[in-house]
Amino acid sequence: MATVPESPKAVSVQEYRRFSSVQRAQHVLLILSFTLLALTGLPQKFAGDEWAETLIAWMGSIENVRIIHHYAAIVLIFVSIAEFIMIGYKIYVERARWTIFPVLQDAFDAFNQFFYNLGMRKDAPKYDRYTWGEKFEYWALVWGTAIMALTGFILWNPILSSKFLPGEWIPVAKAAHGGEAILAVLAILVWHIYNVHLKTFNKSMFNGKLSRREMEEEHSVELELLEQGKASYQAPAEIQQRRKRRYAPVAVIAGAVMLLALYLFVTAETTAISTLPPASAGQQVFAPRTFTPSATRVQLTQTPPPPTATLEPGKPTYTPAPPVSPTASGVAVANPLPADHAGRTVCQVCHATGVGSAPKNPPDHEGRLDSTCVDCHKLQ
Amino acid sequence: MIWLRKSFRRNNGVCSARWLVLGLALVLAAGAALGWAIPAQAQGPTDNEACLRCHSNPNLSMTLRSGEPLSLFVDPKVYHDTIHGTLNVQCVQCHTDIQGYPHPSANYLDRRDVTLQNYKTCESCHPDNYRKTLDSMHQVALAGGNRNAAVCTDCHTAHAVTDPATPRTRIPQTCAQCHSTISDAYVKSVHGKALFDDANPDVPTCIDCHGVHEIDNPTTTAFRLKSPEICARCHTDKAIMAKYAISTKVLDTYIADFHGTTVELFAKQHPDQATNKPVCYDCHGVHDIKSTKDPTSTVSTQENLLKTCRKCHPDATTESFTAAWMSHYEASPDKYPLVYYVNLFYWILIPLTIGALLIFIASDVLRRVRRRLAKQS
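Chains A and B supply the protein sequences, listed in that same order.
Okay, so the first sequence: first residue is 1 according to the numbering used here, each after it adds one.
Okay, so the second sequence: first residue is 1 according to the numbering used here, each after it adds one.
Same shape as in the complex, but just chain A (with noise of 0.2 Å):
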């Protein structure tokens, strides 16, 4: 860090580190589970218009879509889990100060940087290490994903969830799910585009480090704390080290509950079979009313075998029951037409109800068709 003096820009060089290593990792890993959740999940919510279904297409298929979405929620809830250790060894070990948490000057530095902004305040408010508006984004952060791992977890598991929430819920999980998910890539766009890419780019979160000049303009009290040597209480190396050791196990079993969560999440049900059966299965596609259709009328004498082909393959073959036949079982004996039937077709119009003379059909005839009588009663 060696300054020139005499040259203004040279003091600029001047730099202080922001974001350590594991930070600037957990970064890395959201940028991209939060684009691959947003590139794979709207195309999901708005399946129907045409760029949804070109950048499905790009990936391969819905399928692949859903497949990428939820490898991108274990990576982001991952980086959650990370952050949620990260945050317990702040406090507890380095005994940093809450520079993250809200309070209430916030809304006072929003409202006056806002009218000084507009020329209505004489001065810029001074922030510490974090703005409101980083804070903001921090906490936007923290809740929406919240917000998306708990709708998330009950669209990834609705069986489950469904035993301890009422049905309606999943819907309502995906109507929240879809919702926070456009007001999230829309706060992302909208205001850190703005903030940290076209108002200036600031490059702390990739190098970790802010210039003086960056200091001065966005972080003066800190800078002001920073050289009084107030930034950061940094007890004496041997109590930390008493520290990080009670913190160690709990940070490890806490760590790996939270992971046992996970993967619970990812594996709590299979909500449905991967493949269906066909929809007509078990159906008899070929089951003829009359045996094969003849070319023209016939007089039936014998009925030829029946047809066993089948449309499909692996389905069973038709076997129709051999029809009763006096001399087959030696006991149904059928009473003979008499001869002035001959070229009959049509027998249930009388026999059915009996209707003249006729002889009505003996009960365990009920059904039987008019195309099959000429199999048993022959003409005289």
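Because the hints were derived from the structure by calculation, they are not lab data.
There's no promise every hint is true.
Straight-line distance between alpha carbons at most 27 Å, and here's what the computed DSSO-like set of lysine-lysine pairs gives [claimed, not checked]: (1) A:Lys126 - B:Lys375; (2) B:Lys188 - B:Lys243; (3) A:Lys163 - B:Lys307; (4) B:Lys311 - A:Lys163; (5) B:Lys226 - B:Lys132; (6) B:Lys193 - B:Lys243; (7) A:Lys199 - B:Lys375; (8) B:Lys335 - B:Lys243; (9) B:Lys375 - A:Lys122; (10) B:Lys120 - B:Lys77; (11) B:Lys268 - B:Lys132; (12) A:Lys45 - B:Lys268; (13) B:Lys249 - A:Lys45; (14) B:Lys188 - B:Lys311; (15) B:Lys290 - B:Lys311; (16) A:Lys45 - B:Lys335; (17) A:Lys203 - A:Lys230; (18) B:Lys335 - A:Lys163; (19) B:Lys375 - A:Lys203; (20) B:Lys188 - B:Lys307; (21) B:Lys193 - B:Lys238; (22) A:Lys45 - B:Lys226.
Examples of chain B residues toward chain A, derived with CB under 8 Å [claimed, not checked]: (23) Ser180; (24) Leu349; (25) Leu357.
Even for Gly, the Cβ is constructed at its ideal location relative to N, Cα and C.
Got chain A; can you put chain B on it based on the hints?
Leaving out everything else, chain B in the frame of chain A:
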């Protein structure tokens, strides 16, 4: 003809009317095609009267190689009343191999063989419909060696051809000759009952879903994926559905949901790949579709619905799971109010939040522009 049918459907949306038009067009087309042919064939030794001198004998028959008898009787009265009879179509126009007597010797294995050797004669006057059948499931089965697969005369008959769609109940009865179990299921369905009991002109018969001559294989993945469109043809038609107070949002609400979104995307992007997400008939039944008000419907009560859901979600055991399905309703203050209000909440929250952020950004931009201008001056 397709154009005619489509425009008719578009104007009136009456399913049954297609067949009337088709039948009419068939008669007209046949008439036009035969206009020149009839006078040329009407005279001479091979006119119908000459044939009927022998073939009006009810006892005229022959024995096929299989031993089956083949009646050679043609009832002149029956033939006279058929479409062909009224147009005075001559026997030899179909039986082109016969010029006079004695006839060339026939080489038929059995009765089915008689049909299979002769049905192609229909093509000469009905080439369009004949060619449509060439892509049909029946022809695929026939080409695969299934002799029972239906050909022209199996549905239309050989000598008793009349309008196949009058009355409309004839249609399922025709198909039932070979597909009796399916027909039995259909007859008991909400559609079949309305057709047979009330002569309802709106309900679909077999052909409205399966097509007429170009009948697709309904067991393919492609058919399954595009099947919601078939149901939607009538079920998104406001004029038809208004009569029965059925929602026309059924397709939209299906597509808006997880199941329908997936099926739609598969149909568009991977029509040959199977998906485990259900289509209409997976829940409502294939041929035995019942009214949702019918207590025996697969989707009518929460109990039946759970049973239906469990076909794909076997681990679902509580009825609160079935309540997750919004039953083709759109969320409103009355139906699924929580969903409605959550949507409303975000509908308000998103513009408010993003608007506030944008206003603040605008103020920041204003400050920076002013400062730059001040520096320059």
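Exercise. Keeping to a limit of 27 Å between CA atoms, is the pair of Lys188 (chain B) and Lys307 (chain B) held or broken?
Worked result: Distance of about 21 Å is within 27 Å: holds.
For this session: Could you grab the alpha-carbon distance between Lys45 (chain A) and Lys268 (chain B) and see if it respects the 27 Å cut-off?
Result: holds, 17 Å
For this session: Starting from Lys199 (chain A), check that the Cα of Lys375 (chain B) is at most 27 Å away, please.
Result: holds, 18 Å
Problem set entry | Agreement of hint Leu357 (chain B) with chain A interface, Cβ distance less than 8 Å | holds, 5 Å
Exercise. For the pair supplied as a hint, Lys188 (chain B) and Lys311 (chain B), is the alpha-carbon distance within the 27 Å limit?
Worked result: Holds. Lys188 (chain B) to Lys311 (chain B) sits at ~23 Å (cutoff 27 Å).
Exercise. Given the hinted pair Lys203 (chain A) and Lys230 (chain A), is their alpha-carbon gap at most 27 Å?
Worked result: holds, 25 Å
Exercise. Do the alpha carbons of Lys375 (chain B) and Lys122 (chain A) lie within 27 Å of each other, as the hint requires?
Worked result: holds, 17 Å
Problem set entry | Satisfaction of hint between Lys45 (chain A) and Lys249 (chain B), Cα-Cα up to 27 Å | With a Cα-Cα distance of about 19 Å, the restraint between Lys249 (chain B) and Lys45 (chain A) holds, given a limit of 27 Å.
Exercise. Hey, Lys120 (chain B) versus Lys77 (chain B), does the alpha-carbon distance stay inside 27 Å?
Worked result: Holds, at roughly 25 Å.
Problem set entry | Pairwise hint evaluation, Lys203 (chain A) against Lys375 (chain B), where the allowed Cα distance is 27 Å at most | holds, 26 Å
Exercise. Do the alpha carbons of Lys126 (chain A) and Lys375 (chain B) lie within 27 Å of each other, as the hint requires?
Worked result: holds, 22 Å
Exercise. Are Lys335 (chain B) and Lys243 (chain B) close enough, with their CA atoms no more than 27 Å apart?
Worked result: This hinted pair holds, its Cα atoms lying about 23 Å apart.
In this structure, every one of the numbered hints holds.
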